[in-house]
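Novice: What follows is the residue order along each chain.
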Amino acid sequence: MIRFENVTKVYPRGTRPALDKVSLEIERGEFAFIVGPSGSGKSTMLRLVLREESANSGTVLVAGQDLGRLPMRKIPRMRRQMGAVFQDFRLLPGKTVYQNVAYALQVIGKSSLQIRRTVPETLEMVGLGGMDKRLPHQLSGGEQQRVAIARAVVNKPMILLADEPTGNLDPAISLDIVRLLERINRTGTTIIMATHDDSIVNDLRRRVIELNEGRVVRDDEHGTYVPQSM
Amino acid sequence: MSPRFLLQEIWTGIRRNLSMTVSVVLVTMVSMYLLGLGLLAQTQADTMKGYWYDRVQVSIYLCTDTSLRPNCTSGAVTEEQKETLLAQLNALPEVQQVFYESEEEAYDRFQEQFRNSPLAGNIEIGDIPQSFRVQLEDPSKFGVVVSQFEGAPGVADIQDQERVLNRFFTVINYITLFSVLLAALMVLAAVLLMATTIRQAAFARRREIGIMRLVGASNFTIRLPFVIETVIAAVLGALLAFGLLFATVHYIFNRFLNRVVLDQALIGDSDVLAVAPLMFAGVVVLAVLTSTVTLWRYLRV
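Note that the protein sequences, when read in sequence, are chains A and B. For the first sequence, the numbering used here begins at 1 and goes up steadily by one. For the second sequence, the numbering used here begins at 1 and goes up steadily by one.
I should point out that these hints are in silico values taken from the structure, not numbers from a laboratory.
Okay, the calculated bits of chain B under chain A, using three or more residues with CB under 8 angstroms as the criterion:
1. 202-213
2. 216-225
Sample of chain B residues lacking proximity to chain A, with all beta carbon distances greater than 10 angstroms (derived):
3. Thr43
4. Arg69
5. Asn71
6. Glu83
7. Ser102
8. Phe110
9. Phe142
10. Leu239
Even glycine gets a Cβ: it sits at the ideal position worked out from N, Cα and C.
With the hints as constraints, model all of the structure from the sequences given.
Specialist: Now the structure itself:
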């Protein structure tokens, strides 16, 4: 589903590469953690998959498409096959829960009928049934992240990218969020989650890809994560 | 994107950036008003040309006893000379009509034209010489008459009204040039302001834009609301400019000036209507181009 072949990414003013000759493959339907300290290249990996950045060398393949060769005008369509959630939720503060999720469909031209059908069921799925009319600031952090997840999956993407989705949340809430991601994974969605939350990684026992200074230093099936003491 | 959703987006966009939108409207209004004035000044010039060229005459003043012209040293024009001149004038193909104006007629006409002026009292019969008023087929063929009759026996002086009118049209041309130049500067200001407004609007909506990009909205979808907002502001400005121009022509020109000057020679409401499509098409093109270029530079995928 996602393949990195010798991918190197250097940011314009970076002193060393953010990713240094990374090669790996993530299969369809997999749930993979990307771990490592800050600046190890976790976010860069996700940004490359989203084609927010492009690699300086090497190939990034998503669903068989070489993102480096994808023309600009085809990027939006490619992104419709992915969902993404972030540490800071990125909800629109003026819109209700329902509107936030519907927005993702409205801007890609879905009909209002489709929107009326899919948004409520997605909200139900993430556990926000009945909260349609709340505004983001009336929700807890965990609930806000659920809205963001609902928005990311409402268009039934093949891949869900999560960049530190629990970074702003309590441990208990964090676990709820990851359980939700697991449930989404069970419906066939490939999930890549960047995190440095070792307890979650250790609880779930999924594939763990550890990065350090832009290199893959470990890639374990059913792995654990012991952060190096700083 | 459904039309209703698009309208909502545009409405929130305008509301959030209202002061900038208003400034775009006003600057567009002023620039289009100036442009309109420039165009109307030209129309005015054309209208007047049409009007006056039908009436423009070449005056051939004849010698009098007191005439100091070198050609008149032999005294006043004789009847014989007049007849010769008239015959020659009538023989010219460029000449449409020739009128003879005696000294009495010249005096009367002067008294009539300057009845409100103290000048009228200072003139006596004989002060204005008798003349031939020549109406040409084409007023610009003035040179033919001059070359043929300058220095002819009995001719004191040849005056061309077209030359006087031309001076007036030159003034109008300068007015046009000036207002079009000012309009060009204002258009430049409008374009820069539109660009700044779009950048500010894009900044105000960076969250929405970020999410649209993330979920795979097309560039077209992301940019369309900005383009439409700019077009709306620009068209609103042009609409106000049109109203202002209409008022200027209708109330100031037609109500006020008509009483003073000949009304046939003035532009009217229909002339304003004639420049309107140009103004509207102009601002739409301007707004679309500016916003497209700005967004292309500023909003990358």
